[in-house]
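**Student:** Protein chains in written order, with our numbering: chain A, 1 to 321; chain B, 1 to 288.
Honestly, the hints are just simulated from the structure, not real lab data. Hints are supplied without guarantee of correctness; some may be wrong.
What the hints assert, rightly or not - Straight-line distance between alpha carbons at most 25 Å, and here's what the computed BS3-like set of lysine-lysine pairs gives:
| no. | chain 1 | residue 1 | chain 2 | residue 2 |
| --- | --- | --- | --- | --- |
| 1 | B | K122 | B | K49 |
| 2 | B | K49 | B | K119 |
| 3 | A | K118 | B | K122 |
| 4 | B | K49 | A | K118 |
| 5 | B | K53 | B | K122 |
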Amino acid sequence: MKRFGDFTAVGGIDVEVQRGEAFGFLGPNGAGKSSTMRMIACVSPRTGGELRVLGMDPDLHGPQIRARIGVVPQGDILDTELTVRQNLQVYGRYFGFSRSYVQAKATELLEFAQLTEKADVNVESLSGGMKRRLTIARSLVNDPELLLLDEPTTGLDPQARHLLWERLFRLKQRGATQIITTHYMDEAQQLCDRLVVMDNGTIVAGGTPTELISRYATREVLELRFPQAQPGEPALVHAGSSAGPSAVAGPQTSDNPPLERLTDLADRIEVLPDRLLLYTADGEAALTAAHNRGVRPMTSLVRRSTLEDVFLRLTGRSLVD
Amino acid sequence: MPDSTTNAPATNSAAGTAHSAPARGDTPRVVSPPRAYLLVVEGHWTWYKRNWKATLVSSVGMPILYLLAMGLGFGSQVHASAATGGVSYLVYLAPALLATSALQGAAGEATFPVLSGFKWQKNFIGIAATPITPAQIVGGQLLWMAFRLLFSGAIFLAVAAAIGAVTGFGVVLSLLFGVLSGLAFGAPVVAFSASVQGEGNAFNPLFRFVVVPMSLFAGTFFPVSQLPAIVRPIAWITPVWHGTELARGAAFGTLQFWPTLGHLAYLLAWIAIGTGLCRRQFRVRLAS
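All chains should be modelled from the sequences, with the hints used to inform the complete structure.
**Tutor:** Here is the structure:
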């Protein structure tokens, strides 16, 4: 349905998104997500490879494609000196809609975005979450068959995020195809049917969130946090090993006693600056065993593994440093 | 291939609405270029309706101050003579000020607002995500500039008429020539502004070394023939000189066929070249 592959700007990716699907590009800043999105949005021409959006070539049918897609850019692009309602109406007109249609459509979208009460205030005075909802509402003015969401909830507080997720889920239920970029694992898990993990402009893994977790992580994770060796120094597990934030698994040197005592308790262990992540099917059992061996972490946490863990495994880096 | 299913013409999509009855105007479509220009103008107009009062001071206030200070004040010391075409200095000055204020208005419209469309307000980036193309954004932007110049010029004319600076209906044509000379300068400046990357500091030398000298020396306040012969050609290449020649000719009924045609062709050439540069610059910047 929408196919794109092999861009010089974006290393090389080959993906096909089905109608009605919510598809995610997951990766850190600079991974090539936004460049990819701009090519799909038919604003930035690709330098190589093949790309079809809604069955058409963006180089030949850019305006026709753009008439049928919705774009939520990374930063809110709104006319801040117009009212909320005017933003929707002016934008709708660019799609060739009549004045009466955009008026009715604006009312409907204001409702959807829970902005009805703000309809006649200047955009300038809206909160970040409201602006984001307005940006999303504006992208829906043409009832897009395909919605491109570039980091839809970056910078929002948790409450605003959840409201947005709920709205996006509703859109998906109505049948709109969504392509989403994010560097938030929980967001990918919430919104995406299928996703690819990007790093340095290439795809390092792909599948459903559950598939990726089962392939690249274990069911549970035991997080052990240790006091830092010296105050102010952003490091290390307990006894002052020099291991950096890079992924370390398996046996360790003897100057890192807690780690050494834990290696056989987990399938894999990640060493982060301030904590250890033990990947295991049963986190509680591992925690009990660790206690029995005299390991005394400052805090401990058993949780289900997430896409964050997948990313860590695949790239050796944490997403949010 | 699922492709085949999506090649069907755009039906009102699955994210359905209450407006299920298909009617003209409720299906997204690609509009014709002239209509696209007008839609971009409509976007500006929506803003202008709310903010026009605030813009009046700069777009009309300054030219009127010039008219009062130079036309009435300084002009009281100037005798009507052959150099002023036999009319009072105030009357001599008014039509030319139409061209000069269009120049200054165009310079204002073509600089920071254009950079902002890419950089701060980002309205061009917003529009580029719709079926409107970069070239159509340019068309709308320049058309909007023409409307602004026309509007400001009309108010200026009304004030000028009220203080007795206007002697006939020919100045209506002067107004149109003024707008044309404003566009002839504005269009290339829009292209320049679209290429500016920084915070707009590049505009300062443009105003200081281009706009201000043009306003003062290119035939508005005194005939270019009074300039030293060596710098006269510099005045001749400025669009505003052609604008003042046309505006005075129209106001005093002294237009002659061939010079008029020459001035017009020169201004239209600037507009055409400027528009071409704008299209290229907008396309490049919006794709980057």
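**Student:** Hint by hint, work out which the structure violates, then give me just those numbers in ascending order.
**Tutor:** As far as the earlier hints go, not one is violated by this structure.
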